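Novice: Chains as they are written, first to last, in our numbering: chain A, 87 to 567; chain B, 87 to 567; chain C, 87 to 567; chain D, 87 to 567.
In short, the hints are calculated from the structure, not lab data.
Just so we're clear, the structure is a prediction, and the values are computed from it rather than from any experiment.
Among these hints, one or two may not hold up.
All copies of an identical chain are treated as equivalent in the list; a pair is satisfied when it fits inside any one copy or across any two copies.
Mimicking DSS-like on lysine-lysine, the simulated pairs with C-alpha atoms at most 30 Å apart in a straight line are [said to hold, decoys possible]:
1. Lys-499 <-> Lys-170
2. Lys-494 <-> Lys-265
3. Lys-547 <-> Lys-226
4. Lys-547 <-> Lys-225
5. Lys-494 <-> Lys-96
6. Lys-170 <-> Lys-547
Protein chains: 4
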Amino acid sequence: MGLMTAEEHKQSLRDDRVVYLRGERVEDVTTDPLLRICVDTAGIDYEMAHMPEYRDLAVVSHPETGEPISRYYYTPQNVDDLLKRHELMVTGTRFGMGVVPFTHDIGADAMNAVSIAANTMGKKEYLERAEGYRDYLQKKDLSVAVAMSDVKGDRVLHPSSSKQAHPDYYVRVVDRDDKGIVVRGAKAHITASAYFNEVFVAPCRVMAEEDADYAVAFAIPANTKGMKHICHPLKAEWGPLDFPVDLPVRAHTDCLVIFDDVLVPWDRVFLCGEWTHVMTLVYSFATLHRHTASSYRIAMTELLVGMAQAMAEYNGIEWVGHVRDKITDLVMYLDTLKSLSRASCLDYVMHGGIPIPNPAICNIAKYNFAANYHDCARAIQDIAGGLLITAPTYKDYQNPETRGDIEKYLGGKAGIPTEHRLRMMQLIRRWVGMELEVSALHAEGSLQAQRMMIYGESMAKIQEYKKRAEVLAGIRREGES
Amino acid sequence: MGLMTAEEHKQSLRDDRVVYLRGERVEDVTTDPLLRICVDTAGIDYEMAHMPEYRDLAVVSHPETGEPISRYYYTPQNVDDLLKRHELMVTGTRFGMGVVPFTHDIGADAMNAVSIAANTMGKKEYLERAEGYRDYLQKKDLSVAVAMSDVKGDRVLHPSSSKQAHPDYYVRVVDRDDKGIVVRGAKAHITASAYFNEVFVAPCRVMAEEDADYAVAFAIPANTKGMKHICHPLKAEWGPLDFPVDLPVRAHTDCLVIFDDVLVPWDRVFLCGEWTHVMTLVYSFATLHRHTASSYRIAMTELLVGMAQAMAEYNGIEWVGHVRDKITDLVMYLDTLKSLSRASCLDYVMHGGIPIPNPAICNIAKYNFAANYHDCARAIQDIAGGLLITAPTYKDYQNPETRGDIEKYLGGKAGIPTEHRLRMMQLIRRWVGMELEVSALHAEGSLQAQRMMIYGESMAKIQEYKKRAEVLAGIRREGES
Amino acid sequence: MGLMTAEEHKQSLRDDRVVYLRGERVEDVTTDPLLRICVDTAGIDYEMAHMPEYRDLAVVSHPETGEPISRYYYTPQNVDDLLKRHELMVTGTRFGMGVVPFTHDIGADAMNAVSIAANTMGKKEYLERAEGYRDYLQKKDLSVAVAMSDVKGDRVLHPSSSKQAHPDYYVRVVDRDDKGIVVRGAKAHITASAYFNEVFVAPCRVMAEEDADYAVAFAIPANTKGMKHICHPLKAEWGPLDFPVDLPVRAHTDCLVIFDDVLVPWDRVFLCGEWTHVMTLVYSFATLHRHTASSYRIAMTELLVGMAQAMAEYNGIEWVGHVRDKITDLVMYLDTLKSLSRASCLDYVMHGGIPIPNPAICNIAKYNFAANYHDCARAIQDIAGGLLITAPTYKDYQNPETRGDIEKYLGGKAGIPTEHRLRMMQLIRRWVGMELEVSALHAEGSLQAQRMMIYGESMAKIQEYKKRAEVLAGIRREGES
Amino acid sequence: MGLMTAEEHKQSLRDDRVVYLRGERVEDVTTDPLLRICVDTAGIDYEMAHMPEYRDLAVVSHPETGEPISRYYYTPQNVDDLLKRHELMVTGTRFGMGVVPFTHDIGADAMNAVSIAANTMGKKEYLERAEGYRDYLQKKDLSVAVAMSDVKGDRVLHPSSSKQAHPDYYVRVVDRDDKGIVVRGAKAHITASAYFNEVFVAPCRVMAEEDADYAVAFAIPANTKGMKHICHPLKAEWGPLDFPVDLPVRAHTDCLVIFDDVLVPWDRVFLCGEWTHVMTLVYSFATLHRHTASSYRIAMTELLVGMAQAMAEYNGIEWVGHVRDKITDLVMYLDTLKSLSRASCLDYVMHGGIPIPNPAICNIAKYNFAANYHDCARAIQDIAGGLLITAPTYKDYQNPETRGDIEKYLGGKAGIPTEHRLRMMQLIRRWVGMELEVSALHAEGSLQAQRMMIYGESMAKIQEYKKRAEVLAGIRREGES
C-alpha cells in the first residue's frame, strides 16, 4: 500500500503477461535484455518519490486521508497545481536524461478525462466508478499505459461501416453480462503496456449512433486473459562499436495490443454505448496528454540545445554568425514550447469541474514542437558536420594500428580531446543522426559553402540590377557608369 | 496594315468605348491624366518593334507571306521559338522598367489556346475561325486584353446552379441567331481592357453538361455595344511630396467589364456549348499565360534585387552577414524563377499540334514566385530600415527651414549623397513599402536586435544544457565543473 | 493635477512647439487636419481612465498618497502587476480599434528603465532624479514620447569615430554648465513626439569609453527651444473614393526630431558620461518596450484574424480546407504571441529592484510577431482574393450608371449584401492591401489553382515513381503491371 | 584495355590495399560481407556500358581514335553534351535503385577541374599531365574516388597557422625529389576510396601565400604505400527481422583516408605550390560535382515521391486534402531540382576552355535539394503514420502465434494485402524512418489532429474578432448582434 518503490514495481510485473518481442514470447519482462531497460526507465518515477530533493514535487498528501500519494494522481484545483504538475514532468524527464518516465502521467491524464466525462454525463454509476478508480490508483500507486489508437482499417470509413474488411478495426463490445463486458479489437503504438500494471482503453475518434458498440472505455490489468502485447524492438543498447558510457540507457518501447474477447468487470467500465459522450472523453484526454507532452518535450529539447552548443564549441565555430543564428533558433524553439506550456496553465479552463490547461494553447504547444522538430534536427546536423555519420567507431579507436591516426587527425579546437569530440558525435548520432539527412546537408559541400558560391558568382549580375534600380530612382541615367 | 506604331495604337483607342474611372465616365482614355499613363505603357511594345536593337527579337517574317509580324502572333515550332519568346517578354519588361507591356502577350496566349482547342475538337468551322483570328491579329497588330475571371457569386456553386442569386454570375449565351450570339455577364480583374483594341473572353473553370450555355469563348472589339469598363484607379502619378524623376511612369490598371447583352458575330465565336472542351481551352490558356507571367516577373524581380543591393550599399551594410544572406536568398528566388521558366521551354509538350512550355514546370515557376514574394518584400524592407516609411518628403527636403537638418542627419555611408539615399527609399517605398509590414519589422527594434538579445540573455542556460549533454555523452560526471 | 482628461491633454499641446508636416510649419497640432487625428488617438488613454468599465484597470491608488494615478506610472511589484499592465495595454488597444494609445506606455517603459539604471549605478543624484521624474509624471499624468533611434550615419562606425562624416550622427553633449547640459543631434522614427507633452531621450546602442559624450539620457518638454519635429505624413483620412465609416480614424505618426543645441536642466539628466551603464539602460528599456509591443500587437492581430474570418464567410469559402488551415495558422500566430507575452510575466526577473518580464521571452514574443507578420498578411490577401485591389470605389458604387451592375455582379455568398463585402474589402485593403503582393498572389490564378494543375499534370509520373518504389519494397517485379 | 566489365573491376581491387572496417583490417574488399555490397554497387556503371539499352548513353567514341570510352571521361563541347551527361547520371542512379554508381562521375568532375586549372595556368607541364591523366582514364576505364575534405583541426585557422595543434590538419607536401613529391595528412568523408582504383586528392579551401605547401593536387592508386582507408560501417544488410527482398542491396560507404608520407610521381601532380590557382581548381570541381549531385539526387527523390504516393494509397488517404498538398509539395521539390539542374546546362559558362554548367544555378540546385530535404522526409513520415516505427517485424509476422493478429489488424485500405503495407513501411523506414522525428510528429496525435482542435476550440473567439472587424468596416455597430 502507499507509494511503491522501483523494486516493488519491478516485482509486480512478473505476472505471466503475454508479451512478444522479435518474434518470440518473452518469459519475464524484467529480465529480458531489452525490456528490462524499459522497466528501469519506468522505475525512475518511483525513485524520485523517495528522494528528498524531489519529494515535495512528486508527492502530495491525500486531501482527506493525509496519506502520501503521487502528485499525478491528485486532482488539480488551480493554476498552482497545474504549474507544479508541469514542473514535475519537466523535472522527471530531466532525471530520465531526456526520456519521460511515463509511469503515472499518461494514466493520470486518462483518469482525469474519465472524471470529466463522468461529471459531464452525471450518471451515478459512472461517477462512482471514476471515483473508485482514482482511489485505487492513489492507494496502489500503479503504473498505467493508455491504449487509444485503434488500428482503423480504412481510415476514411466509420468503425461500423459495412465496407470495412471486418468489424474489429476499432475496439468494440462483443458481449455483456452480469460480470461485465467482453471486448475485441487491437490498439497500435501503445507505449509501455508490456511493462506497466494497468492498461486504460478509450476510443480515438468521435462516434456516430451506429457506432455505439465502439463507444467503450475501460481499464484492466496488463496481464488480463486475452491480451497480447507485440513489442517493437527498441535499439537502445550500446553496441560493441560504441564508446562505452557509464550511465544506464533510458528508453521506452511500443506495442501492438490485441484484445481477444477480453472480459472487463463493470466497475472498470467508464463508457459503454454513450456515443455522444465519446467526444468529451477523447478531447479531454487529448488536451491533457498534449499538455503532458508539451511539458516532457521541454527536458528533451534542452538536451538538444546542449548538444548543439557543445558540438559548436568542440568544432571551434561557436562564434560564427550562422552557427549563433542556429543556436538562437533552437533557444526560441525551446522557450516557445516552455512558454506555451506554462501559459496554458495560466489560462486554464474548467471542464466537468476540473481545471485543465487551455485546450487551444496546449494543442498549439504540441503542434509547434512537432511541426518544427525537423528544423531543430537539421540545425544540429548542420553544426555537427559530416563526421556525425563518418566518424570511426570505438573499435577503430581502440585498434593500435589506427588509434594514433584518429587521435592526431580528428582533433578539433585546441584543448578539446579528440575522444570528447567523438563521444559528443556519438550522442548526437543516436538522437538526430539520420544518415540520409546528414548526407543531404553535407555531401558535396555544406549549405554555407553553396550560399557563398551563389553570392560570389552572382555579384556581377547583382551590380547590373542595382544600376537599373538607380536609373529608376532618378539617381543615374541609363548607361551612366 | 502591318506593324502599328505606338501613335497609331493610341489613335485607335479613340472609339467611344464606355469607360468609368473614379465614378465618372472617361471621354478619351488617351487624354485622361491616369489612363494615358497606361496607354503609354502599352505603347512600348509597339516602340520596340521599330527599334533596331530589338527588332530581331520582336519581329518575325510571316512564314508564308514574308511580311513582318509581331513575334507574339507567330506560332512557335520548337524549343528555340519558345526560348526566344521568353526572352522577348523578359526584354520587353526590362524596357518597361519592370512593368510588362502586356500589349500582345496575353492575347497571343489566348489565341494559341484557341488554336489548341480547335485542333482538339477538330471541327472545321472552329479551325477556320481560329485561323482567321490569328490572321487578323497578325495583319492588324492589335492589342488584346483577356477576360477570364467571372465574378462567380457563391464560389462553391456551379454557374447554372439554381441556388445562385441570379444566373449571370458567369458569362453566358442568352440568345443566338444568324448573325451571332448574345452574351451577358461580368468579368473581374481584367487588365487593360479599357485601353486595348480587342477583348478575348473565355470561361475560367471546367463546366458540367448543365452549364453548356456558359461554355462560351469569343473575341470582340473593346468598344462593342453593351460593354462597360469600370476601372480601378491606379496610384501611378508622382505626387507633390515625391522627389521628381525624369522618367515616364509605367503602369497598368484593371477593370470590371460588364457584358450587357452583347452581340458577338459567329466568326469570332470559338466555343459555344462544347462544355467538354472547356477544360482544354482553360488549361492551355492557364499554362501559356503562367509561362508568360514566369517570364515577365523575372525583369521585375531583377529590379527588386537591385534595390536591395543599392540600399544595402547606401546604408553601408552590404558586408554584414545577415544582409549578404538576404541578398543571396533574393538571388536564389530570382534564378529559380528564371531556371524554371527556361526549363519549361526545354521540356515542352505538344498540345493540339502546338509546342507549349511544360505545364507542370510552368505552374511550379509561377507558384514559386507567388508563394515566396512576401519573403522577398520582407528581406528588402529589412535591409532598407524604418526610414523606408518615416523618411521626410521632397517638400521637407526643399523647405529651407528643414533642408539643412535633413542633408546633415540623413546621410548614410560616407560618399553617398543624402538625396540618393532618400530617392532609393522612395523607389522601394513605391514597390514594397507596406507601412504595417515595415512597422512590424522595425518598430521596437529590428529582427536582428531581438535575436542578439535572445542569444545573450540565454547563454547561461545554454551552458547548463551543454553540461547535461556532456554528462550524457560520458564526457563529464554530474556536478563536475 | 491628477488624472488629465482628453480635452486637457489637447489644450496642453498648444505650446508653440516647432512641427513640420508636408514641408510646412504646423501652427497648432490640435487643429491640423491630419495631426488632430493623432491627438484624438492619444486622447483615448485619458478617456479610459474616466470610464467606469475601465477605471479599475487603468487607474491605481498611489501607494503612499492614495491619489489616483495611471497604472502605467505605478511601479510593478509582482506577477499580478505585470499581468494587469499587460491586460491594460491589450484593452487600450482594443478600445483604440487596433491602434495602441501609446500615451503613457512607452514613457513608463523609459521611466522604469531609468529607475533600473539609477538603482544599478547607485548614485544618489540619479536615484533622486529618477524618483523625481516618476513623481512628476504620476502627478501631471503627462504623455511621453521616447526618442531612441539615432540617425547613425555609417552604421558600422562608432558614434565618436573620426571616419563619420560629422560627429553629430548620435545625440551628444556639446556643453554643460550650472544649469544643465546642452545636447545636439537627431533622432529618427520618433512616434508621437509632435503631439505628446514630453520627450525622453536615450542612446540606442552600447558605447565604448571614447563615446562618453554620447552616453546621455534625459527628458524634456516637446516644445523646448531648439527642438524641431519633422513629421511623416500619415495616410489616415478616409478619402472621397472610400465608403464612409461613422467611426473616428485612429492613427499615429512619426517624426525626425532635431536637437539643435538644446539645454537640458540637471534634474532631467539621467545619464551623462557613464558609458558602462548605457547597456543597462538600453537593454532594460528594450525589454520593457518589447513587452509593451508584444501586448498591444495582440489587439491588432485579433482584428486581422477577424477580417480573415469575415472575408472567408462573405466569400462563402469558410469551409474550404486550405482556408480553414489559414485561419488556424492565424490563430496559432495570435495565441503564440499572447502566450509568450503572458509567460514572460510569469517568469519575470528582477533588474535593479524592479520585476521586469523575462527578457529572453519578451524578445522571442516580439520576434515571433515580426518575423511572421508577412505570412499573416499573405494569408488574409489569399482569402480575400483579387477584388481586394480591383474592387470599384464608393463613387462608382454611388454613380447610377454603374451601381446596378456592381450590386448585381459583386455579390458573394447569398444573404451577404454586396456593400458589406465591399466594405470589408476596403477595411482589409487599408490594413494589408499591398498591391504588388496581392497581384503576386492572384494575377494569373491563385496559389491553389497552380497547386491543382501541378498535382494533376504530374499524376502519371507520380504513378511511375510509385511502381519503382513497389519494386524496391519487394511488392512487385520490374515491368509487372 | 578499353571498357572494363564489372567482373574485371572487381578483380582489379584485389591489390593489397590497407582497409579497416569495424576496427579490423579487411583482407579482400571484394569478399568482405559489407564491402562487397559497395563493390557490386560500383559495378553497375560497368554493367550499363555493356547493356544495349544504355550503351548509346553510357559510351561515346573517342574523338580521335574512335575507340569506345565512357561518356564520363569525354570532354563535353556544348549544351547537348552537358544534357546527355546529366541524363546518364539520372539513368545510372535509377538503375542503381536510387544509389548513384559513383564509379566514373566524381573522377570525371575532378579530371575536368584539373584541365580547367591547367588551361588557366597555361604551364606546359601541367597541360601535358592533365592530358596524360585523361588519356589514362579513358583507356583504362578506371574507377576514381575524390578526396577533398581535410580534417581541418580548428576550422577558423589557416592550414599553416602556428596555432594549429600540428601542421598536418591539411594534406601537404613534406618532401620532393626527382621522382616526385611526398605528402602527409588525412582526408575525411571520402566515399568509395576503399573499393575504387584511383584516389584524386585536392585542397578543399582557398589558400594564402604562406599555405603554399598545402596547395597540392594529385592522383594515385588507392593501394599506394602509406595510404590507409578507415571505413565507416554501412548498415546496408537486410537483417533477420526484415521482410526479405529479392533484390541486391545497393550502398556506398565513406573512409577516413590517411596519407602517411606517400610518394606521388611527378606525372600525377596537378598542382604543387601554385596557391593562387587553388581557387580555380576548388571552384571548378565544386561546381561540376554539385551538378553531378543535382543530377543523381533526382533519381533518389523520384523514389521518395513514389514511396509517399504508394503509402498514401495503401493507407487509403490519397484523396485527403493535406495529403494531396504534401504530394504536390514533393513534386515541386523534385521538379525544381530537375529544372535547375537542366537549366544550368542550358546557361552553361566557359571556364578554361571547357563548358561547365552555370555555377550559380548548380549551387542553387544543390542548395535547394539540401535545404529542403528534411521537409521532404517529414512529409513522407506524416503520410506513413506511426506504424512506420511501431510496425511488427518479419519474425512476428512469421510466428504463428501472432501472424493471424497482424494479418487481421494491420490491414489498411481494402484490397491492399497487409504484407504489402508492411513492406512499404519497411522500405520507407530504411530511407526516412528517423525514430525521434516520427515520434515528434505522431506521438500524442498527428499534426492534423492538433490543427483540428485548435480550429474548433478557437471558433468562439474567432467569431468575436470577426464582429469587431465588422464594426471597424462600418458593417455593424458595437454590440449589435
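Novice: Which of the stated hints cannot be reconciled with the structure, identified by number in ascending sequence?
Specialist: 1, 3, 4 and 5
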